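Okay, here's what each chain looks like letter by letter:
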Amino acid sequence: MPKFERWMALPGVLVLAGLAGAVNKLIYGEHALGTTAAVPWGSLIAGYVFFAAAATGAGLIGAFAHYSGRPALASIEKPSLFLALSMLLAGFGLIGIELGNPLNMIYIVFSPNLQSGIWWMGFLYSIYMGLLMVECYFSQVDPANKNLKFVSAVAVVNKIAAVCNLGAIFALIATRPFWHGFYFPLYILLTAVLSGAAALAAAMWLSARRQGREADGEVMAALGRIMLAALVVTALANAGKVFLGLTGGDPALREATAAMVSGPLALRFWALEVGLGLLVPLALLAKAGGGQRVFRAAVMVLIGVFFMRLDFVMAGQMVPQVVVEGVQHVLMHGYTPTWTEWALTGGAVGAATLLFAFSETRFDLGTGATAARGKAGGTAAARV
Amino acid sequence: MAHYAMLIDAARCTGCAACRLACQMQWQLPPDVFFNRLEFREAGKYPDVKQEIVPVQCMHCDNPPCATVCPTKATYKRADGLVLIDHDKCIGCKYCVVACPYDVRQMNDRGIPEKCRFCAGFIEKGEQPPCVSTCMNNVRVFGDLDDPNSELSKKMKEKPVYQLAAEKGTKPRVFYVKRGG
Ligand code: SF4
Ligand code: SF4
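Residue numbers (our numbering), protein chains in the order written: chain A, 1 to 384; chain V, 1001 to 1181.
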């Protein structure tokens, strides 16, 4: 049984809130969500995309650490696997609760539709979870096993395919111009790396603090550099998307982009996605500084990327479809997440945090927390 | 094999919504769930304006995006043209709801999308869907396009017809008589 540490109260409360949300969703079904027939996908889908993409990004950075052989990154190899697995499980939990009939997922196997992006998502992310488990296992019992190289190589291809397909789920819907096109599969790959790096930086920093020491400066700096590079490209990609969206020929694309930059989503877009999630971390990371600065930037990036996912999912659905020429009932469809959705999202954050923390104490991730379990673990945690 | 389709002469519609109610009775739907709806729009230029009504329902598309995206083939297209939902296979992902360009899918209380079923089961017995039979003005004609003697086939030849949002490539099986055609 994992040992309780004082700081765990916060993620623990989040998990309890998430459980309350899950019970409410089980009782009231769709009525517990803010989604409607016009906006069928809400914050739980955005939350799932957030976790699945961040898990993939963390895995990709772990693979980069593995193949690049950079000493500064060597210590994140094992934590990246366990963190990716924790976030993926949290994401699966969210989507499992969002689905109306998760038990019918058995038909993904018995009645597969290979044309469906969601089918491929189920397939690729199940493989990702399996590969992660294999990699986690080998990392503990036989890190030098020669088969591990093969597994890792397959996993890299799988990760890229999985996250690009996650984008393609949206990009292939021709009737939603804001999502449609080649842009999003690439954008989600880029921002997966961004959020994966941020999640790793946050985890490494918290792990060190848990043991009452400073995080390894070189590791934090390396993760900070990855985040900085990804932030610069993300900022350019965002600017391009907004420019093309506002000047493009498709009125529905223009309206959706306008909804984001100057409409109902504008406050969230500018304040949380651009300000908190992009510009402030850019400014923080552009200056030299210690691990704490990278940690702060990482937390901001994570919050920003969550709202980036939410804005993206929303902007694609808010503009009413033209079914009958000349008929438009509302200017924009509205959607507000309910407490159930917030509780579930918070619960997933808490669950991912606790899962990683427990795996740190249960297994040897090379972060030192395993040793701390028996010795300083409890007291060190009190200092966090 | 039959090739079911529907023709709607919207210019004859009075807006009484009996079709919507008949359908709700047929499938025992709660008041806020409906498989067909009436859209009202303004047409013409002042001072010569009038209101036009366009009944909308599942188009039973020949190229249905809802079925293409469904991961478990819960939404499927039958050989006779009907697009149906197998509730037992549906995972409730709502991908089909997002992908339908006609906004006709609604979630039921069991987390499964619902929409017009073209009254499968009834039509095979030779009955007409209630939205058709209840209409006092014969706005809707339902039938088999493969049967040249069906009322539908004959009516389709009488006047020019069009489909809603045909540019989306969905190949709808619900046709509309062109106004003034
Ligand atoms: S109208 Fe919508 S629900 Fe009906 S077949 Fe076409 S895409 Fe599917
Ligand atoms: S909600 Fe059901 S019918 Fe619709 S795409 Fe998902 S599994 Fe298929």
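Note that these hints are calculated values from the structure, not bench results.
Just so you know, not all the hints are guaranteed correct.
What the hints assert, rightly or not - Beta-carbon label-pair distances, calculated as ranges: (1) A:L244 with V:V1161: 19 to 25 Å; (2) V:R1110 with A:V141: 30 to 36 Å; (3) V:V1161 with A:V157: 46 to 52 Å; (4) A:I27 with V:R1037: 46 to 52 Å; (5) A:S126 with V:V1033: 29 to 35 Å; (6) A:I127 with V:Q1028: 39 to 45 Å; (7) A:D250 with V:D1109: 34 to 40 Å.
Here the structure is a predicted model, which is why all the values come from computation and not from measurement.
Every residue, glycine too, gets a C-beta built ideally from N, C-alpha and C.
Enumerate the violated hints, using their earlier numbering and listing them in ascending order. 1, 2, 4
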